[in-house]
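Protein chains in written order, with the working numbering: chain A, 231 to 352; chain B, 231 to 352; chain C, 231 to 352.
Honestly, I wouldn't trust all of these hints.
For chains that are exact copies, the list does not tell them apart, and a pair is met inside one copy or across any two.
[Said to hold, decoys possible] Within a straight-line C-alpha distance of at most 20 Å, the following computed EDC-like cross-link-like pairs (lysine to aspartate or glutamate) qualify:
no., residue 1, residue 2
1, LYS246, ASP263
2, LYS252, GLU338
3, LYS246, GLU323
4, LYS252, ASP309
5, LYS246, GLU338
6, LYS246, ASP286
7, LYS246, ASP309
8, LYS246, GLU278
9, LYS246, GLU342
10, LYS252, GLU342
11, LYS252, GLU280
12, LYS252, ASP241
13, LYS246, ASP343
14, LYS246, ASP277
15, LYS252, ASP286
16, LYS252, ASP267
17, LYS252, GLU278
18, LYS252, ASP277
19, LYS252, ASP263
Treat the hints as calculated values from the structure; they're not laboratory data.
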Amino acid sequence: MPMIQVDLRRDLFQAKGEAISKAIHAGLIEGLDMPADDLFQVYRPHDEGEIVFSPDFGGADRRDLVLIRVTMVHMFPADVKQRMYTAVARHLEAAGVRHDDVLISVVEVGFEDWYSGAPLSE
Amino acid sequence: MPMIQVDLRRDLFQAKGEAISKAIHAGLIEGLDMPADDLFQVYRPHDEGEIVFSPDFGGADRRDLVLIRVTMVHMFPADVKQRMYTAVARHLEAAGVRHDDVLISVVEVGFEDWYSGAPLSE
Amino acid sequence: MPMIQVDLRRDLFQAKGEAISKAIHAGLIEGLDMPADDLFQVYRPHDEGEIVFSPDFGGADRRDLVLIRVTMVHMFPADVKQRMYTAVARHLEAAGVRHDDVLISVVEVGFEDWYSGAPLSE
């Protein structure tokens with residue numbers, strides 16, 4: 231049950247939000263073997279000046295940062311995470327987001343760290 | 231010092247924001263034995279299309295997702311977390327939020343991972 | 231590659247956003263010996279009622295909370311984190327943000343938990 235939070239420019243979200251959503255989802259399915267109906271994404275469109283970033287730190291050529299936070303259970307080895315990053319960036323590239331503009335940040339949690347609407351046991 | 235970040239629809243926040251805030255706070259107090267004056271919540275109201283979710287993944291019947299991120303110190307055993315989830319969902323249900331629409335995601339940190347306005351030591 | 235997410239009042243962001251950005255960045259450079267071109271910050275301006283907080287929990291005197299979430303690699307000992315908190319709060323104080331109004335929350339991740347626009351290997 232990965233949960234995705236995306237910070238990006240409002241124009242970009244308006245122009246390509248749906249394609250970006252599908253691309254990220256496709257990348258997670260492909261990279262993590264995630265079930266296709268495991269879909270939880272939040273988009274936070276930003277106005278001018280709200281996303282501040284280095285244009286070239288680490289050797290990338292950034293023009294319009296798309297920040298993708300993935301919260302997921304600690305269960306994937308490093309090479310699977312790497313495969314997921316590559317798959318998400320490749321699908322985003324096809325949706326018109328340059329891979330240099332992608333920043334993915336994973337936060338790992340435990341299985342016990344989720345509640346997802348299960349019936350109340352009282 | 232749990233810190234709460236909530237993503238939800240703008241209409242829902244406008245209609246029930248205060249009741250939702252009180253319900254989440256009551257659930258944390260009850261579930262974690264948290265002091266009543268330990269209150270740190272951020273609400274992020276969303277427009278149409280910004281919250282994307284599966285209506286039925288994991289067997290829930292979702293119509294209007296309320297995503298609650300809880301950042302807290304790693305100190306609570308799994309059954310206490312479970313008690314907190316149940317308490318938050320029950321209080322939210324009383325405030326008019328169906329428990330199927332609740333998604334809680336916990337991220338654990340250390341005691342040393344907080345600064346909260348203590349006097350500067352220089 | 232620390233990644234910074236800041237929740238604050240819209241008025242405050244409009245009046246002092248740039249100074250706040252520079253202050254946080256200066257605090258991280260000073261406190262963590264971070265390279266000056268390692269800059270990734272997202273600001274989320276909030277309207278009335280979206281930031282809910284205790285005015286005095288833990289002995290602070292809060293009037294206008296600025297919540298700073300720092301996601302960074304697990305590699306800094308507790309005293310270095312403490313030095314970073316003090317440096318950020320001091321620089322913010324110089325930018326007109328009272329240190330009592332600052333809340334910093336660190337989340338630690340691994341080196342493998344980042345993708346930052348590296349060329350796709352396929």
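Taking 20 Å as the upper bound on the Cα-Cα distance, should LYS246 and GLU323 be classified as within, between, both, or neither?
-> within (12 Å within a copy, 35 Å between copies)
Could you place LYS252 and GLU338 in one of the four classes (within, between, both, neither) given a Cα distance threshold of 20 Å?
-> Neither way: LYS252 and GLU338 sit 23 Å apart in one copy and 28 Å across, limit 20 Å.
Could you figure out if LYS252 and GLU342 sit no more than 20 Å apart (CA to CA) within one copy, between two copies, both or neither?
-> Close neither inside one copy (28 Å) nor across copies (24 Å); limit 20 Å.
If the cutoff is 20 Å on CA atoms, where do LYS246 and GLU342 land: within, between, both or neither? Let me know, please.
-> The answer is neither: 35 Å in one copy and 28 Å across copies each exceed 20 Å.
Taking 20 Å as the upper bound on the Cα-Cα distance, should LYS252 and GLU278 be classified as within, between, both, or neither?
-> between (25 Å within a copy, 16 Å between copies)
Within, between, both or neither, where LYS246 and ASP309 count as close if Cα-Cα is 20 Å or less = neither (29 Å within a copy, 42 Å between copies)
If the cutoff is 20 Å on CA atoms, where do LYS252 and ASP286 land: within, between, both or neither? Let me know, please.
-> The answer is between: 18 Å across copies meets 20 Å, while 27 Å in one copy does not.
When no copy is specified for LYS252 and ASP241, does a C-alpha distance of 20 Å or less occur within a copy, between copies, both, or neither?
-> within (18 Å within a copy, 25 Å between copies)
From the Cα coordinates, with 20 Å as the cut-off, is the pair LYS246 and GLU338 best called within, between, both, or neither?
-> neither (28 Å within a copy, 31 Å between copies)
Could you place LYS246 and GLU278 in one of the four classes (within, between, both, neither) given a Cα distance threshold of 20 Å?
-> Intra 17 Å, inter 15 Å, cutoff 20 Å: intra and inter.
Since the copies are identical, ignore which copy is meant and state whether LYS252 and ASP309 lie within 20 Å (CA to CA) inside a copy, between copies, both or neither.
-> neither (23 Å within a copy, 36 Å between copies)
Is it within, between, both, or neither for LYS252 and ASP263, if the alpha carbons may be no more than 20 Å apart?
-> Cα proximity of LYS252 and ASP263: one copy only (15 Å, versus 39 Å across).
In summary, the numbered hints that this structure violates are 1, 2, 4, 5, 6, 7, 9, 10, 13.
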